[in-house]
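Enquirer: Protein chains in written order, with my numbering: chain A, 293 to 685; chain B, 988 to 1239.
Don't read these hints as lab results, they were simulated from the structure. Be aware that a few hints might be false.
[Said to hold, decoys possible] Residues on chain A that point at chain B, a partial pick, calculated with CB under 7 Å:
| hint | residue |
| --- | --- |
| 1 | LYS304 |
| 2 | ASP308 |
| 3 | ARG311 |
| 4 | GLU373 |
| 5 | HIS501 |
| 6 | THR502 |
| 7 | THR505 |
| 8 | LEU507 |
| 9 | ALA508 |
| 10 | SER509 |
| 11 | PRO510 |
| 12 | ALA511 |
| 13 | THR678 |
| 14 | GLU679 |
Since we're looking at a predicted model, the values are computed, not measured. The beta-carbon is built from N, C-alpha and C at its ideal position, and this holds for glycine as well.
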Amino acid sequence: MTFRMVKTIYLKEMLDMFRDRRSLISMIVVPVLAVPSLFAVVHYFTQNLGKKAQNESARVGISASVSQPGLTGALKSVGFELVPQTDARAAVENKSVAASLDLTRAADGTGQIVIYVDKTREASSIAAERLTAFLERLKLEQVKSSLRGLGVSERVLNPFTVKSTNVAPAKKMAGFILGSVLGYAVLLLMFTGGMYPAIDMTAGEKERHTMETLLASPASREEIVLGKVLATTTASFLTAMLTIASILISIQRAGLGQGGGEFERLVSRAAPDASTVVLVLLTLLPTALFAASVMIAIALFARGFKEAQSLLTPVVMAVVVPAVVGMLPGIELNVGLALIPVFNVSQLIKEIVLGEFSHLAFLAAFLSNVFYALVAFWFSVRIFKTESVLFRS
Amino acid sequence: MIQVESLTKTFRDKARGDRAVVDQVSFEVRDGEIFGLLGPNGAGKTTTLRMLATLLKPSAGRALVDGHDVTAEPAEVRRRIGFLSGDTGLYHRLTPRETLRIFGRLNRMEEDRLRDRIDEVISMLSMQEFADIKVDKLSTGMRQRVGLARTLLHDPPILILDEPTSGLDVPTARVIEEFIVSARKSGKCILYSTHVMEEAEFLCDRIAVIHEGHIRIIGTMGELKAVTGRERLREIFLELLDSGGMRKAAVV
Chain A
293 MTFRMVKTIY
303 LKEMLDMFRD
313 RRSLISMIVV
323 PVLAVPSLFA
333 VVHYFTQNLG
343 KKAQNESARV
353 GISASVSQPG
363 LTGALKSVGF
373 ELVPQTDARA
383 AVENKSVAAS
393 LDLTRAADGT
403 GQIVIYVDKT
413 REASSIAAER
423 LTAFLERLKL
433 EQVKSSLRGL
443 GVSERVLNPF
453 TVKSTNVAPA
463 KKMAGFILGS
473 VLGYAVLLLM
483 FTGGMYPAID
493 MTAGEKERHT
503 METLLASPAS
513 REEIVLGKVL
523 ATTTASFLTA
533 MLTIASILIS
543 IQRAGLGQGG
553 GEFERLVSRA
563 APDASTVVLV
573 LLTLLPTALF
583 AASVMIAIAL
593 FARGFKEAQS
603 LLTPVVMAVV
613 VPAVVGMLPG
623 IELNVGLALI
633 PVFNVSQLIK
643 EIVLGEFSHL
653 AFLAAFLSNV
663 FYALVAFWFS
673 VRIFKTESVL
683 FRS
Chain B
988 MIQVESLTKT
998 FRDKARGDRA
1008 VVDQVSFEVR
1018 DGEIFGLLGP
1028 NGAGKTTTLR
1038 MLATLLKPSA
1048 GRALVDGHDV
1058 TAEPAEVRRR
1068 IGFLSGDTGL
1078 YHRLTPRETL
1088 RIFGRLNRME
1098 EDRLRDRIDE
1108 VISMLSMQEF
1118 ADIKVDKLST
1128 GMRQRVGLAR
1138 TLLHDPPILI
1148 LDEPTSGLDV
1158 PTARVIEEFI
1168 VSARKSGKCI
1178 LYSTHVMEEA
1188 EFLCDRIAVI
1198 HEGHIRIIGT
1208 MGELKAVTGR
1218 ERLREIFLEL
1228 LDSGGMRKAA
1238 VV
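Please model the complete structure; the sequences and the hints are all you need to start from.
Expert: Quick look at the structure:
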């Protein structure tokens, strides 16, 4: 194997790749646009939908039996819009109000205020929570005034107080969220970014009958596969870098208070420093090589572009599973878990961003990914030497 | 020089069992000779040429290209051949000049020499006007000239041409034929496959008729005429196909 041959194949693939619109879209356009649009979607849901639910939750039904001036006045004063109802339950069911109040008698004969709520609707749940809190406060006020009438101190109600404090600083929470999103987004886009180039230079070459010419040249099979795998690795890694850059720019803008929503402002507290970014990229390098080798090997099996696409799409979807598992809280990367491909990267990135990864786990993940990449590469070469696969038509 | 002895290629086929697409084929192509492999579609021409270009491994028999065994020394063989197929196998998103540069490097040409040689080949095949336009935008005739330029670029002693004129109009086919003739003058060993009778008759010094994986006859036009008693290659060809191999390899 000579460097010049591998370089020639590599440069040919790069030239070809950068002139292919499909590859450019998946490699460059998607990562550059995906992150801001992902943030925009999160922003939309947290802000607008939340606000909409908040607004809707103010509209509450009230039956005549509960409707006493003191109560309605207090409810209106905290912002509820009261709609008289004859059938409090039906009003919630047909969505004309977020929740509604009715009065019945409990088994012991005391008055019981019933809150009708539809827990599948966010606005209704919010309304019910607010009503519950309001009524509890109201109840407490009545107890207090009764106590005062009896000459007993209010303090009997509160012998001690309870308060929970989150020891994780806001920065750490933000890091956890950023790390999870980063690992997942980068992994997924790395595979999609390398997918079209991988297909184009294998199944695509078969389909266009250029493979024969390449195979009849003095380049060895190993040189050809290595050139192609390295070009696909470049595509995957480029996608990863663009995704990371796009995320960093988004959160930096939010940190400076220029645009961006609550989500970006939250994660901007965990804006990673240069060494974190370098570590993340270092983690992703063997992953890109692994992704490229696997995709080249699989795409080689296909007779043409479409077949390769249908073979690789489930692979890319399969990546989502370990990447999502890596996002779950409560899992810590140990040497054993660090051997599971894709999952180890998703988990490691999260821990790196949190600033608390184990060096041993890092090394185990790095080496195992290099190992998997080599196995996948060896497998690609094997397939490349199988003429029944190469000349399948 | 190409020496082929009892070359056989068997393909595994689930439905029909093992099938010999090329069966015990033997022939020899000398330097300075155009040797035509003539046969209908599916006769085994492409499979034979692919074995010689080391794309497929022979199931049995052996073949030497310029003294190197295709199975034992595929790299040596590939270094000595220029291989061209009818569908040219060009990268559509690259320009002819880029294509030539890449294949020159794959053939281990020195950069300085490569640059000169690319200009030389471009002017030789009158490709100046479209040398820097992507292959995508070129006509079939232009593409075939690019394919030929790629095949001749590194000046290989052996040319393996698989139906190089298929799908071309008469003037372009003529340009290709003239280049093949001039390559013979410079002493190259040329193995040429076609199913076009006129082309074989006009170009080839010797012709082998191949059908269903077997060589039916090998000889010069004169020898073929003498053996079959027919005047035109078309008639000779049809007679050989009908006789089902009765006169297999009558003249060698």
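Enquirer: What are the numbers of the hints the structure violates, in ascending order?
Expert: 4, 13
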